[in-house]
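2 protein chains.
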Amino acid sequence: MHDRIQYPKFLDLRMPAEQAAALVKPGMTVAMSGFTGAGYPKAVPGALAALMEKEQASGNPFKINVLTGASTAPELDGVLARAGGMDLRLPYMSDPELRRRINDGEMEYMDIHLSHVAQHAWFGFYGKIDLAIIEVVGIKEDGSLIPSSSVGNNKTWLDMADKVIIEVNSQQSAAMEGMHDIYYGTALPPHRKPIEMTTADQRIGEPYLRVDPAKIVAVVETNAPDRLSPFAPVDATSTQIADHLLDFLDHEIRAGRLTDKLLPLQSGVGNIANAVLAGLARGGYEGLQAYTEVIQDGMLSLLKDGTLGFASATSFSLSSDGIDEFNRHVDFYRERILLRPQEISNHPELVRRLGCIALNGMIEADIYGNVNSTNVVGSHVMNGIGGSGDFARNGYLSVFMSPSVAKGGKISGIVPMASHVDHTEHDTMILITEQGLADLRGLSPKQRAQVVIDKCAAPAYRPMLQDYFDRAKMGSYGKHTPHLLGESLSWHQRYIDTGDMRPAAAEA
Amino acid sequence: MHDRIQYPKFLDLRMPAEQAAALVKPGMTVAMSGFTGAGYPKAVPGALAALMEKEQASGNPFKINVLTGASTAPELDGVLARAGGMDLRLPYMSDPELRRRINDGEMEYMDIHLSHVAQHAWFGFYGKIDLAIIEVVGIKEDGSLIPSSSVGNNKTWLDMADKVIIEVNSQQSAAMEGMHDIYYGTALPPHRKPIEMTTADQRIGEPYLRVDPAKIVAVVETNAPDRLSPFAPVDATSTQIADHLLDFLDHEIRAGRLTDKLLPLQSGVGNIANAVLAGLARGGYEGLQAYTEVIQDGMLSLLKDGTLGFASATSFSLSSDGIDEFNRHVDFYRERILLRPQEISNHPELVRRLGCIALNGMIEADIYGNVNSTNVVGSHVMNGIGGSGDFARNGYLSVFMSPSVAKGGKISGIVPMASHVDHTEHDTMILITEQGLADLRGLSPKQRAQVVIDKCAAPAYRPMLQDYFDRAKMGSYGKHTPHLLGESLSWHQRYIDTGDMRPAAAEA
Ligand SMILES: CC(C)(COP(=O)(O)OP(=O)(O)OC[C@H]1O[C@@H](n2cnc3c(N)ncnc32)[C@H](O)[C@@H]1OP(=O)(O)O)[C@@H](O)C(=O)NCCC(=O)NCCS
Ligand SMILES: CC(C)(COP(=O)(O)OP(=O)(O)OC[C@H]1O[C@@H](n2cnc3c(N)ncnc32)[C@H](O)[C@@H]1OP(=O)(O)O)[C@@H](O)C(=O)NCCC(=O)NCCS
Chain R
683 MHDRIQYPKF LDLRMPAEQA AALVKPGMTV AMSGFTGAGY PKAVPGALAA
733 LMEKEQASGN PFKINVLTGA STAPELDGVL ARAGGMDLRL PYMSDPELRR
783 RINDGEMEYM DIHLSHVAQH AWFGFYGKID LAIIEVVGIK EDGSLIPSSS
833 VGNNKTWLDM ADKVIIEVNS QQSAAMEGMH DIYYGTALPP HRKPIEMTTA
883 DQRIGEPYLR VDPAKIVAVV ETNAPDRLSP FAPVDATSTQ IADHLLDFLD
933 HEIRAGRLTD KLLPLQSGVG NIANAVLAGL ARGGYEGLQA YTEVIQDGML
983 SLLKDGTLGF ASATSFSLSS DGIDEFNRHV DFYRERILLR PQEISNHPEL
1033 VRRLGCIALN GMIEADIYGN VNSTNVVGSH VMNGIGGSGD FARNGYLSVF
1083 MSPSVAKGGK ISGIVPMASH VDHTEHDTMI LITEQGLADL RGLSPKQRAQ
1133 VVIDKCAAPA YRPMLQDYFD RAKMGSYGKH TPHLLGESLS WHQRYIDTGD
1183 MRPAAAEA
Chain S
683 MHDRIQYPKF LDLRMPAEQA AALVKPGMTV AMSGFTGAGY PKAVPGALAA
733 LMEKEQASGN PFKINVLTGA STAPELDGVL ARAGGMDLRL PYMSDPELRR
783 RINDGEMEYM DIHLSHVAQH AWFGFYGKID LAIIEVVGIK EDGSLIPSSS
833 VGNNKTWLDM ADKVIIEVNS QQSAAMEGMH DIYYGTALPP HRKPIEMTTA
883 DQRIGEPYLR VDPAKIVAVV ETNAPDRLSP FAPVDATSTQ IADHLLDFLD
933 HEIRAGRLTD KLLPLQSGVG NIANAVLAGL ARGGYEGLQA YTEVIQDGML
983 SLLKDGTLGF ASATSFSLSS DGIDEFNRHV DFYRERILLR PQEISNHPEL
1033 VRRLGCIALN GMIEADIYGN VNSTNVVGSH VMNGIGGSGD FARNGYLSVF
1083 MSPSVAKGGK ISGIVPMASH VDHTEHDTMI LITEQGLADL RGLSPKQRAQ
1133 VVIDKCAAPA YRPMLQDYFD RAKMGSYGKH TPHLLGESLS WHQRYIDTGD
1183 MRPAAAEA
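So the sequences go chain by chain: R and S.
First residue of the first sequence? That's 683 in our numbering, and the numbers climb one at a time after it.
First residue of the second sequence? That's 683 in our numbering, and the numbers climb one at a time after it.
Please note: incorrect hints may appear among the correct ones.
[Said to hold, decoys possible] With a cut-off of at most 20 Å between alpha-carbon atoms, the simulated SDA-like pairs for lysine to any residue come out as follows:
1) Lys1089(R) - Lys1155(R)
2) Lys897(R) - Leu705(R)
3) Lys986(S) - Arg1016(S)
4) Lys1128(R) - Asn1065(S)
5) Lys745(S) - Asp786(S)
6) Lys745(R) - Gly1124(S)
7) Lys1128(R) - Lys1089(R)
8) Lys1155(R) - Arg1123(S)
9) Lys810(S) - Ile935(R)
10) Lys1155(R) - Arg782(S)
11) Lys810(R) - Arg1123(S)
[Said to hold, decoys possible] With the C-beta cut set under 8 Å, the calculated list includes, among others, these residues of chain R facing chain S:
12) His795
13) Asp917
14) Ala918
15) Phe930
16) Pro1030
17) Val1103
[Stated by the list, open to error] Which residues of chain S face chain R? A partial, calculated answer using Cβ under 10 Å:
18) Ile1067
19) Asp1109
20) Gln1129
21) Leu1171
22) Thr1180
23) Asp1182
Everything labelled a hint here was simulated from the structure, so no lab data went into it.
We treat Cβ as the ideally placed atom computed from N, Cα and C, and that holds for glycine.
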């Protein structure tokens, strides 16, 4: 294990997680590593949660603000949420216990574009960062850090935090060394310079994270795997969504708008995105590139079979099978993957320049193309916006995908009016459900509505949507974006009241 | 006049507007110059409208699709709308007759981020562009064009259109020559390169527009001024909004987040933005820079008194007093203003790099910070999103401003739920009304709601908002973004039903 800590001074800072956790004080803002279940600290958060529970039992409130890269795992978000130890959490999350606490109103959650987090921290919008807790693969002889399975905001946290706790996780493959690309060229305006990257496979930074050794207050040795829930198996619905996407890409190639190398792919998180990636293997493509956030299982397969030639991301988001596959063939993957800070993987400048094809899941879309990625029935947050806005807003194509119904048909994924808007009508180009694909480019709101109803709505909801739209075109106050405000959100209210968006008659 | 046309070949192409208009055929997609009432063609659209009316009277339908830079004037949008001559219009508009037709459902309107229009045209999303009609100040001996009082999308229209009609307007000051900066470095992905601009006053292009002479089918001589409605006089409300902004900027300087040079200012269109600019003169600033879309009257004053040292934009949006002032002191202004294509003035890459402070008007904001810039009561379009999303999404600070009430108090500018969302909760940082300023940075939705109610709501609506929010915190399905869907849009519906958002009791 000690070969993972090559900088002698840090050997002396080794301590048990409990002792490191005691360095955290109530009210602190603590920034942690971790992005979509990868590279989060495995030991200190648990020890901290235990400490919080002990203090709280003695009547001493103990809460902190927690900043991460994106979602982590039960060992971080789960334990801290269960301990009631967070005042505010940002940005993306997906832990069930954390989600429950947020939606029960027990704690605050702030949902930010992943490309904005680092710069907003630098701008001073989140106040001082007292402490960073960062997982690494190892510490080099010069004190620099070998990043772990995610980069996320680690560069920013290490630079900004007053103090730093390092977790050295010997279960993370040492062979990852060299796969990271940490860009040190960012600055605050007015001192910013162009980011000189023109292809997804271009290295613009360094393989290691720098840290001021004087900031390190503890080094904790761990030996635990990233823990990710397995993806749902690819089913008929996601296969149909993938097929619609493949047809569309073929159509764009025939129209001369894309070549058979497409443009760099971004693929969102979740089951649908993962399944659609698997579908891409059937497209006959070769040597595509990905400029994306996460390397999911589906992306490893595409690299393996040559569909993808290169993938740039900020994190792995692999099931345990995926981790095995990666570790077995790490030399192959090392040539084909770069992990960068999330402000670079999601940077508006780069996403626009490269012309990413943004493929993201959604909760619902309305007939005019407004997309809800975050809040079920307008109020219950699922995970957060993640990077979907970074890519949808700035990419070449913005595609949102979802089954046409959720909860066994009780919920329509296409609604009269989105109950929360994360991606506006101005930013949505293509909607796909298993029913079909709606191409909204160049269309006015009313033209979009008809295409969305015809192509994407589930059969049970299609006549209901058409009826709403027809009546709205007659009765709306303005007829640019026709709406009947008295019923535009009534489907959602009906779901809350009865557990089904369909009126009782339709159920019978 | 002929000294305005130095390229001999084009002298032969001179013809009356009526003859040029006859080159337009039904069904064509016609791209025109014009941005916020400046630099639009003055003669051909009117002749075309007359032709359309004649043809329609003989039973021959005659409609075209019209693409511009942004809003134009009665001589373009007004006459074509009145003639019923447009199938689809994009992007921004503000002509009353055009707005009426759109909201009556008589024609289609597509509302697009101004930074997206040129690239989406190049991507092929709007189909072929048959004809461009472009106003210029003059034609050089080599056939290149001296741009007029707006640049907008003219470079793209000249490059993409099959055929081009040029209007040479001798009323536009010849002294504008040299004030334009036309960037010819754009490309389609995967061939895009960084845009090497690091300050707002940096020239990166050429002063003239290129055009393939073979495309020119007509040259029409005109002699007519840009026609802009005067701005509303600065009143107490807008002075208070400006004061809140000045206090806030002082506060940010004291906190060390800004220097007294601030960062490049973007200022939106409309009365409020213009009045706030006037207010900035009271701030004691010197040598600020603007990186914005339009030069309004307020901006000329700031340049004149030294508050602003430089302004980069894509267009003038001056009242006739403003035009006089500009023409009288054109040598002064020439040193301090550059007009660029709108894809550059609004480019996400540059807006983020320069760190713009985005100051835009709005129609309404909800308690969670979602902003509606476009659709009154969710359906009646006012003008369009313009560039507000380009700057709010990518700038250093996104500020939205509005009086707390509209229509003499019958409408609240702060509502439970925005009836249309153009800027999401993820993109809004500061809301200002004459009542106060809400700083939403680093806050969760519920924290934001309380600040917005306390600081921005009008006294008459504050208790109503507090009551909604309090009950939503109890009764909402999820408590992340508490909402009561049965009443979240009821204020808007009440306005439609009764002409007042306040319940009848409150009126009495
Ligand atoms: C929207 C999102 C939750 C969909 O996730 P997914 O795994 O692809 O899709 P699924 O259909 O499996 O849905 C996931 C869950 O949301 C639920 N859901 C989906 N649509 C719903 C709707 N309209 N109403 C209520 N619940 C819905 C599903 O029922 C499922 O819940 P369950 O786990 O309790 O069964 C996911 O894409 C997401 O979090 N997106 C936002 C972030 C993002 O886009 N990131 C991309 C770059 S990081
Ligand atoms: C939102 C916007 C219309 C406000 O315009 P403004 O001139 O600053 O503000 P005003 O308060 O004078 O409002 C303009 C009109 O909108 C009306 N209005 C404003 N808020 C309203 C509301 N909540 N409900 C109904 N009408 C409203 C006003 O009554 C006024 O109408 P009137 O001319 O019939 O009196 C304007 O900022 C805009 O078009 N914004 C979108 C585009 C943009 O931001 N561009 C910036 C970069 S180009």
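Each hint tested on the structure:
| no. | hint | in the structure |
| --- | --- | --- |
| 1 | Lys1089(R) - Lys1155(R) | violated (30 Å) |
| 2 | Lys897(R) - Leu705(R) | holds (13 Å) |
| 3 | Lys986(S) - Arg1016(S) | holds (12 Å) |
| 4 | Lys1128(R) - Asn1065(S) | holds (17 Å) |
| 5 | Lys745(S) - Asp786(S) | holds (17 Å) |
| 6 | Lys745(R) - Gly1124(S) | holds (17 Å) |
| 7 | Lys1128(R) - Lys1089(R) | violated (29 Å) |
| 8 | Lys1155(R) - Arg1123(S) | violated (39 Å) |
| 9 | Lys810(S) - Ile935(R) | holds (17 Å) |
| 10 | Lys1155(R) - Arg782(S) | holds (15 Å) |
| 11 | Lys810(R) - Arg1123(S) | holds (14 Å) |
| 12 | His795 | holds (6 Å) |
| 13 | Asp917 | violated (27 Å) |
| 14 | Ala918 | violated (30 Å) |
| 15 | Phe930 | violated (14 Å) |
| 16 | Pro1030 | holds (5 Å) |
| 17 | Val1103 | holds (4 Å) |
| 18 | Ile1067 | holds (6 Å) |
| 19 | Asp1109 | holds (8 Å) |
| 20 | Gln1129 | holds (6 Å) |
| 21 | Leu1171 | holds (4 Å) |
| 22 | Thr1180 | violated (13 Å) |
| 23 | Asp1182 | violated (14 Å) |
Checked against the numbered hints given earlier, this structure breaks hints 1, 7, 8, 13, 14, 15, 22 and 23; the rest are met.
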